[in-house]
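The opening residue of the sequence shown carries number 1 in full-length UniProt numbering; numbering runs sequentially from there.
No lab work stands behind these hints: they were computed from the structure. Beta carbons: idealized from backbone N, C-alpha and C, even for Gly. Heads up, some of the hints might be wrong.
Listed next, with one range per pair, are the computed distances between beta-carbon atoms [to be verified]:
id : residue 1 : residue 2 : range
1  : Ile-81    : Arg-115   : 30 to 36 Å
2  : Asn-117   : Ile-81    : 22 to 28 Å
3  : Gln-106   : Gln-77    : 16 to 22 Å
4  : Glu-86    : Arg-52    : 37 to 43 Å
5  : Glu-79    : Asn-117   : 21 to 27 Å
6  : Phe-47    : Glu-96    : 16 to 22 Å
7  : Asp-67    : Ile-111   : 30 to 36 Å
8  : Pro-85    : Leu-42    : 17 to 23 Å
9  : Asn-101   : Ser-56    : 18 to 24 Å
10 : Gly-38    : Leu-112   : 35 to 41 Å
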Amino acid sequence: MAVQGNGAGASVGLARLLALMLLAQAELGRAQEVTDPGVEILSQVAFVQKTRLNTSTSSEFMFEFNDDEIFHVDLEQRETIWRLPEFGRFTSFQAEGAQGNIAVLQTNLDILMKRSNFTPATN
Numbered sequence: 001m002a003v004q005g006n007g008a009g010a011s012v013g014l015a016r017l018l019a020l021m022l023l024a025q026a027e028l029g030r031a032q033e034v035t036d037p038g039v040e041i042l043s044q045v046a047f048v049q050k051t052r053l054n055t056s057t058s059s060e061f062m063f064e065f066n067d068d069e070i071f072h073v074d075l076e077q078r079e080t081i082w083r084l085p086e087f088g089r090f091t092s093f094q095a096e097g098a099q100g101n102i103a104v105l106q107t108n109l110d111i112l113m114k115r116s117n118f119t120p121a122t123n
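Whenever a hint applies, use it, and build me the whole structure from the sequences.
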């Protein structure tokens with residue numbers, strides 16, 4: 001945005017800039033709000049990615065409670081790895097279920113790549 005040489009144009013440009021900065025700060029403030037202390041959040045995270053040339057694939061499956069890992073699944077060893085061994089005494093999780101979810105995600109990723117006309121050629 002160019003600021004005009006006269007005083008009126010400069011003040012309008014500055015006012016717009018300040019308004020945009022205030023809006024940006026308000027949005028950042030909302031993004032950083034702390035959740036209600038009485039709210040508990042349990043998250044299941046499944047993640048798959050491929051390199052651009054499809055030479056390697058990586059994936060991850062884990063459960064979190066309030067941003068603390070409960071367990072993750074070692075997909076190569078096909079076993080559940082508990083962050084604290086005591087967790088495994090009270091409950092269990094079948095690693096095969098995570099492998100099924102990852103297989104579905106890999107298939108969906110392949111479909112999305114084909115539909116987006118993905119080509120591994122460099123530009």
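Quick rundown of the hints versus the structure:
1. Ile-81 with Arg-115: 30 to 36 Å: With Cβ atoms ~35 Å apart, the hint holds.
2. Asn-117 with Ile-81: 22 to 28 Å: Given range 22 to 28 Å: violated, Cβ gap about 38 Å.
3. Gln-106 with Gln-77: 16 to 22 Å: Given a distance of about 18 Å, which is inside 16 to 22 Å, the answer is holds.
4. Glu-86 with Arg-52: 37 to 43 Å: Given range 37 to 43 Å: holds, Cβ gap about 42 Å.
5. Glu-79 with Asn-117: 21 to 27 Å: violated, 39 Å
6. Phe-47 with Glu-96: 16 to 22 Å: holds, 18 Å
7. Asp-67 with Ile-111: 30 to 36 Å: holds, 31 Å
8. Pro-85 with Leu-42: 17 to 23 Å: Because 20 Å falls inside the window, the suggested range holds.
9. Asn-101 with Ser-56: 18 to 24 Å: holds, 20 Å
10. Gly-38 with Leu-112: 35 to 41 Å: Given about 38 Å between the Cβ atoms, the range holds.
Hints 2, 5 from the earlier list are contradicted by this structure; the remaining hints agree with it.
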